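Peer 1: Sequence:
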Amino acid sequence: MEEIKKLSILDIMVGLGFLLIISPFIIYWFITSDYERYICIISGSYPFNQLGSGVFQLWLYIALICIGLLLISTSIIIKISTNKT
1 MEEIKKLSIL
11 DIMVGLGFLL
21 IISPFIIYWF
31 ITSDYERYIC
41 IISGSYPFNQ
51 LGSGVFQLWL
61 YIALICIGLL
71 LISTSIIIKI
81 STNKT
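Following our numbering, the numbering of the sequence shown begins with 1 at its first residue and continues without gaps.
Please note: incorrect hints may appear among the correct ones.
[Stated by the list, open to error] Taking lysine to any residue and the SDA-like style, the derived pairs with C-alpha atoms no more than 25 Å apart in a straight line are:
| id | residue 1 | residue 2 |
| --- | --- | --- |
| 1 | Lys79 | Leu19 |
| 2 | Lys79 | Ile67 |
| 3 | Lys79 | Asp11 |
| 4 | Lys79 | Gly68 |
| 5 | Lys79 | Leu64 |
| 6 | Lys79 | Ser43 |
| 7 | Lys79 | Leu58 |
| 8 | Lys79 | Phe30 |
| 9 | Lys79 | Trp29 |
| 10 | Lys79 | Ile65 |
| 11 | Lys79 | Ile41 |
| 12 | Lys79 | Met13 |
| 13 | Lys79 | Leu69 |
| 14 | Lys79 | Gly17 |
| 15 | Lys79 | Ile26 |
| 16 | Lys79 | Phe18 |
| 17 | Lys79 | Arg37 |
| 18 | Lys79 | Ile27 |
| 19 | Lys79 | Leu16 |
| 20 | Lys79 | Val14 |
| 21 | Lys79 | Leu10 |
[To be verified] Estimated spans, in silico, between C-beta atoms of each pair:
| id | residue 1 | residue 2 | range |
| --- | --- | --- | --- |
| 22 | Ile12 | Phe56 | 26 to 32 Å |
| 23 | Ile26 | Leu70 | 16 to 22 Å |
| 24 | Leu58 | Ile80 | 28 to 34 Å |
| 25 | Phe48 | Ser8 | 30 to 36 Å |
| 26 | Cys40 | Tyr61 | 16 to 22 Å |
| 27 | Leu69 | Asp34 | 15 to 21 Å |
Worth flagging that the hints you see were computed from the coordinates, not collected in a lab. Keep in mind that this is a model prediction, so the values were computed, not measured. Backbone N, C-alpha and C fix where the C-beta goes; we use that ideal spot for every residue, glycine too.
Throw the hints in and build the complete structure from the sequences for me.
Peer 2: Dropping the structure here:
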């Protein structure tokens, strides 16, 4: 029973990691697909007003991708280490 819980948590980590990796593309599409939405977003309060800055978007996307890769690699390492024992 304990292995089933551990595997399901690791699978959730992998799924969340993949969502975080593709989220920059979805966020970019959401922000830039409509000019009126873009203006509405960047005229909002912090942190939304920073989304008009290319540097802020770049750091946000890099952070999301790195966290996603970290979740996926951590879950893979834990799966491999639990299968060896």
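Peer 1: Are the hints correct? Go through all of them and say.
Peer 2: Each hint, compared with the structure:
no.	hint	result
1	Lys79 x Leu19	holds (20 Å)
2	Lys79 x Ile67	holds (18 Å)
3	Lys79 x Asp11	holds (10 Å)
4	Lys79 x Gly68	holds (17 Å)
5	Lys79 x Leu64	holds (23 Å)
6	Lys79 x Ser43	violated (45 Å)
7	Lys79 x Leu58	violated (32 Å)
8	Lys79 x Phe30	violated (35 Å)
9	Lys79 x Trp29	violated (34 Å)
10	Lys79 x Ile65	holds (21 Å)
11	Lys79 x Ile41	violated (41 Å)
12	Lys79 x Met13	holds (11 Å)
13	Lys79 x Leu69	holds (15 Å)
14	Lys79 x Gly17	holds (15 Å)
15	Lys79 x Ile26	violated (29 Å)
16	Lys79 x Phe18	holds (17 Å)
17	Lys79 x Arg37	violated (42 Å)
18	Lys79 x Ile27	violated (31 Å)
19	Lys79 x Leu16	holds (16 Å)
20	Lys79 x Val14	holds (11 Å)
21	Lys79 x Leu10	holds (8 Å)
22	Ile12 x Phe56: 26 to 32 Å	holds (29 Å)
23	Ile26 x Leu70: 16 to 22 Å	holds (19 Å)
24	Leu58 x Ile80: 28 to 34 Å	holds (33 Å)
25	Phe48 x Ser8: 30 to 36 Å	holds (35 Å)
26	Cys40 x Tyr61: 16 to 22 Å	holds (21 Å)
27	Leu69 x Asp34: 15 to 21 Å	violated (30 Å)
Comparing the model with each earlier hint shows violations of hints 6, 7, 8, 9, 11, 15, 17, 18 and 27; every other hint is respected.
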